[in-house]
Every structure is written in structure tokens, then in C-alpha cells.
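Given these sequences and hints, build the entire structure.
Residue numbers (the numbering used here): 8 to 306.
Don't read these hints as lab results, they were simulated from the structure.
Since the model is a prediction, treat every value here as computed from it, not as a measurement.
Every residue gets a Cβ at the ideal spot worked out from N, C-alpha and C, and that includes glycine.
Some hints could be false.
[Claimed, not checked] Using 20 Å as the maximum straight-line C-alpha spacing, the simulated PhoX-like pairs for lysine-lysine come out as follows: (1) Lys-113 to Lys-85; (2) Lys-48 to Lys-113; (3) Lys-115 to Lys-48; (4) Lys-85 to Lys-101; (5) Lys-101 to Lys-154; (6) Lys-48 to Lys-74; (7) Lys-101 to Lys-115.
[To be verified] Restraint ranges, calculated between C-beta atoms of paired labels, are given here: (8) Ala-198 to Ile-75: 43 to 53 Å; (9) Thr-97 to Ala-213: 56 to 66 Å; (10) Ser-153 to Val-34: 34 to 44 Å; (11) Glu-139 to Ala-228: 26 to 36 Å; (12) Ser-123 to Thr-143: 19 to 29 Å.
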Amino acid sequence: MGTYLTVLAWVLAIFAFLVVGFQFLVVVQQQTVGIVQTLGKFSRVISPGFHFVFFPIQQVAGRLSLKIEAVPATVEVKTSNNMFVELPVTLMIKIQEVNAADAFYKLKNPHDQIRSWVLNTVRSIAANMTLEELFTDRQRIAESVSKDLGQRLGGFGYELEGVLVDQPTVEKSVQASFNRVVEASRLKEAAVAEAEASRIKTVKQAEAEADAQRARAQGLADSRELLARGMSHSLSQLEGVDPQIALQILLETNRIDAMRDVGKQGNLIVLDLKSADHNTALLPLLASRETAKLKSIAA
Numbered sequence: 008m009g010t011y012l013t014v015l016a017w018v019l020a021i022f023a024f025l026v027v028g029f030q031f032l033v034v035v036q037q038q039t040v041g042i043v044q045t046l047g048k049f050s051r052v053i054s055p056g057f058h059f060v061f062f063p064i065q066q067v068a069g070r071l072s073l074k075i076e077a078v079p080a081t082v083e084v085k086t087s088n089n090m091f092v093e094l095p096v097t098l099m100i101k102i103q104e105v106n107a108a109d110a111f112y113k114l115k116n117p118h119d120q121i122r123s124w125v126l127n128t129v130r131s132i133a134a135n136m137t138l139e140e141l142f143t144d145r146q147r148i149a150e151s152v153s154k155d156l157g158q159r160l161g162g163f164g165y166e167l168e169g170v171l172v173d174q175p176t177v178e179k180s181v182q183a184s185f186n187r188v189v190e191a192s193r194l195k196e197a198a199v200a201e202a203e204a205s206r207i208k209t210v211k212q213a214e215a216e217a218d219a220q221r222a223r224a225q226g227l228a229d230s231r232e233l234l235a236r237g238m239s240h241s242l243s244q245l246e247g248v249d250p251q252i253a254l255q256i257l258l259e260t261n262r263i264d265a266m267r268d269v270g271k272q273g274n275l276i277v278l279d280l281k282s283a284d285h286n287t288a289l290l291p292l293l294a295s296r297e298t299a300k301l302k303s304i305a306a
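In C-alpha cells, the structure reads:
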């Protein structure tokens, strides 16, 4: 009987030791920290691994995850053009390990408090934006929220990893009206661009025509200058000849050159009315035409 009681006593002692001993041993999982209190007062932050605490004087008051968490919020905003829309915003946050105590003690309901800050920030920004800007410039909202909440969250032991702003949600009737406005604006821009292109084309054509006219005028002036120099040179070669006769010689030479150039242009009949009597010159022409007619009738 005495031996049985002794064994039972040892078993109870070992069990009590294990029960009490486990109160001294604390295991913290990866990506988690523990908050240790001594007599109800914050003592230290314990990192992942195996730790000893002096139970019952010390105890682990809580554990905090260091993983990135998503805090979604849907903000109902009024735009500068009096449109009411719902804007989904998601904050990606995590607890700073070195400031884990602030995250544990300073905020009772951290997610709810963070949502309240997001609502105030987004509404103040969206009030100065149009509905179209909410669709096309959501990055502006994300940057403003990140700038406004980044430092504020740091004071409570949290770190802002990113801000995601989704597409605004509007009623179907408002969406259809907005689409019509956007389409009308695009058509207006296209019409303005087309008109500007037409104006530029007209201006360029006018400039090209002006350049061509200047070139033709310059060419004509150069030609006349060259002709004058040629005539002057030719007159200088006729020294001792009466000027009137020399001028007539030059004019006759130019006339013959002109007749020669015209005669090269296809099937042309050129009558030199100055070199012979024009009535006599016309007779062979008329005779040949009548002969051609008679041959065609006979055939």
C-alpha cells in the first residue's frame, strides 16, 4: 500500500510539474509575434521560436500576425459634377515587428478605424474630381490615400504596403448617360481634329502655290535677263551696222527660232505670214484638203 501511494504521489508530482512547466514555455509560430505582460504591464515582444516566461507573474497577452492583410472598404462619394457613386478601395497593410506593441495596444478595432480614415480621405479627394476622372485617374486617389494614411498608420505600428482603387460602381442609367456624354465629346474632338487637318492642308497648298508662283516669276525674270544679255551681246557683235537694222536682224532671228520650236510640237501647220503672201500660202493647203475629200468620196 505504501509503495502504491508513493508511485501515485510521483505521478501526480510529475503531472503537476508538466502542467506548471508548460505555463513557463511559449512557442511562437513563424510570421507571428507575442506580446508578453508582467503583472498586467507590457514587458516585451517575443519573436517566432521557443521562449520562457515566469508564470504566473508573466503571461502572453496576445499574438499578432505579421502577414500582409487586406482591408476592403466601399466608399460612397459625390463627384464635382454631382454624381453619386460607390468606389471600392482596398488597403494592403501589415504590422511592423518593431512596433508590434503599438499595434496591439493603441487600436481596439484597427480594421474599422482604418476604414474610417479611408472614407474621409477618399471623399475629400473625390469631391474635386468628375465622374470621368474617377474612371480614368484612379491612380490619383491611390497616391493621395497612400500619402495621407502612410504616416498616420506608422504611428500605430502598421505599415501601408499598397492601395488598390477599383472601378467606380454607378447605376445603369447614370452609366448610359455618361457613355453618351463621352461619345459626344469624342465626336467633337474628332471633328475639331478633322477641321484642323483640313485647315493645315489648305494652308500648305496655298504655301506650295505661292512658292511655285515665286519660282515661275523668278524663272521668267532670269529668262528675260538672259535674253537681254544675249541681245546685248549680239548687238555688240554688229558694230558699224545701223542700230535699227541690227535690231531687225535680231528680231527676225528670234522669230525664225520661235517658228522652228513651234513646228516641233506634233501635227501643227504653221503659216509664216510675214515671209510670203498669206493668200498664196493658203492655196496649196486648201487644194490638198479638197483632194483628200474627193478621194474619200470615191472610196
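Range agreement (Cβ of Val-34 with Cβ of Ser-153, hint 34 to 44 Å) | 36 Å, holds
Proposed proximity, Lys-48 with Lys-115 (alpha carbon, max 20 Å) = 17 Å, holds
Between Ser-123 and Thr-143, does the beta-carbon spacing fit 19 to 29 Å?
-> 28 Å, holds
Are the Cα atoms of Lys-113 and Lys-85 separated by 20 Å or less?
-> Not OK: Lys-113 and Lys-85 at ~32 Å, beyond 20 Å, violated.
Given the hint that Lys-48 pairs with Lys-74, test it: the Cα-Cα distance must not exceed 20 Å.
-> 26 Å, violated
Pair hint Lys-85 and Lys-101, alpha-carbon separation not exceeding 20 Å | Answer violated: Lys-85 to Lys-101 is near 30 Å, above 20 Å.
Lys-101 paired with Lys-154 [C-alpha distance capped at 20 Å] | 16 Å, holds
Take a quick look at whether Lys-48 and Lys-113 sit within 20 Å of each other, Cα to Cα.
-> Holds - the C-alpha atoms of Lys-113 and Lys-48 are around 14 Å apart, at most 20 Å.
Taking only the CA atoms, is the gap from Lys-101 to Lys-115 under or equal to 20 Å?
-> Holds - the C-alpha atoms of Lys-115 and Lys-101 are around 16 Å apart, at most 20 Å.
Do the Cβ positions of Thr-97 and Ala-213 conform to the proposed distance bound of 56 to 66 Å?
-> Since Thr-97 and Ala-213 have Cβ atoms about 58 Å apart, the given range 56 to 66 Å holds.
Do the Cβ positions of Glu-139 and Ala-228 conform to the proposed distance bound of 26 to 36 Å?
-> Distance hint for Glu-139, Ala-228 is violated at roughly 60 Å.
Go ahead and decide if the range 43 to 53 Å is satisfied by the Cβ distance of Ala-198 to Ile-75.
-> Roughly 49 Å apart at Cβ, these two residues keep to the hinted range, so it holds.
Hints 1, 4, 6 and 11, counting from the list given before, are not met by this structure.
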